[in-house]
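There are 2 protein chains.
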Amino acid sequence: MDLDSVARAFVEHYYRTFDTNRGGLAGLYQESSMLSFEGAKTQGAAAITAKLTGLPFQQCQHNISTIDCQPSGPVGGVLVFVSGSLQLAGEQYALKFSQMFHLIPTPQGGFYVLNDIFRLNYA
Amino acid sequence: MDLDSVARAFVEHYYRTFDTNRGGLAGLYQESSMLSFEGAKTQGAAAITAKLTGLPFQQCQHNISTIDCQPSGPVGGVLVFVSGSLQLAGEQYALKFSQMFHLIPTPQGGFYVLNDIFRLNYA
Chain F
1 MDLDSVARAF VEHYYRTFDT NRGGLAGLYQ ESSMLSFEGA KTQGAAAITA
51 KLTGLPFQQC QHNISTIDCQ PSGPVGGVLV FVSGSLQLAG EQYALKFSQM
101 FHLIPTPQGG FYVLNDIFRL NYA
Chain P
1 MDLDSVARAF VEHYYRTFDT NRGGLAGLYQ ESSMLSFEGA KTQGAAAITA
51 KLTGLPFQQC QHNISTIDCQ PSGPVGGVLV FVSGSLQLAG EQYALKFSQM
101 FHLIPTPQGG FYVLNDIFRL NYA
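Going down the list, the protein sequences come from chains F and P. Residue 47 in UniProt numbering sits at position 47 of the first sequence, with consecutive numbering throughout. Residue 80 in UniProt numbering sits at position 80 of the second sequence, with consecutive numbering throughout.
There could be a bad hint or two in this list.
The list treats identical chains as one, so a pair stands whether inside a single copy or across any two.
Stated by the list, open to error - In silico lysine to aspartate or glutamate, EDC-like type, Cα no more than 20 Å apart, as pairs:
1. Lys41 / Glu91
2. Lys41 / Asp4
3. Lys41 / Asp2
4. Lys96 / Glu38
For the record, the hints were derived by calculation from the structure and aren't laboratory data.
With these hints in hand, go ahead and build the complete structure from the sequences.
This is the structure:
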């Protein structure tokens, strides 16, 4: 699978899981994983999952506008940069966001998220 | 210097150079460096500098809203995620943008940009 396909498959999986079964994101992170969510830093799969499932909205839908990816170095990592919008249930306007992920290969042939940085883009 | 200080110093240096002496950015890239600019991919310091100096605007000013950073792994790399706005000379409205950099330490004690991904955030 080429890098663009890896990035696209990851992005589809990540946001579909976020929007339908947020706790299922736990399997994408490991103990070394880091999340910066609107400037708040969290580390480790359990703490990151708690942060994401504890966000003050239940139903949401991400719509993706752009996906960029690049190899992050010699060990097979992939940087994925996403822009899109986030529609919260009951809100009139969608929120624009940008997010980046650093994916690291696992011995099993998949990837885990080492780095995750999320920011809303205020108009 | 801690990671936040590295990121802040880099961001200040990068955008000040971009806005006052764009060709001076060449020194921040190496042959392995990659740029994705609005989806267009370029590789290598010379090609990246040509891309940036050839953008169809001369005077501009970046204003930074947020800087996030995380270590990218065991070899001392730093991921820097920036949001802000870009004011072009003669344009009434500033353009919102997001950009990420992956900085890799050099033997001389500095950093170079291995990965650079830039996107405008259309409202």
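**Study point:** Alpha-carbon proximity context of Lys41 and Asp2, limit 20 Å
**Key:** So Lys41 and Asp2 pass the 20 Å test across copies only (15 Å; inside, 31 Å).
Practice item. Up to 20 Å between alpha-carbons, please classify Lys41 paired with Asp4: within, between, both or neither. Key: Between. Shortest inter-copy distance 12 Å satisfies the 20 Å Cα cut-off; intra-copy 28 Å does not.
**Study point:** Status of Glu38 relative to Lys96 across identical chains (alpha carbons, at most 20 Å)
**Key:** Both ways: Lys96 and Glu38 sit 13 Å apart in one copy and 17 Å across, limit 20 Å.
Check your understanding: What label fits Lys41 with Glu91 when the C-alpha limit is 20 Å: within, between, both, or neither?
Key -> Neither way: Lys41 and Glu91 sit 26 Å apart in one copy and 36 Å across, limit 20 Å.
In this structure, the one hint that does not hold is number 1.
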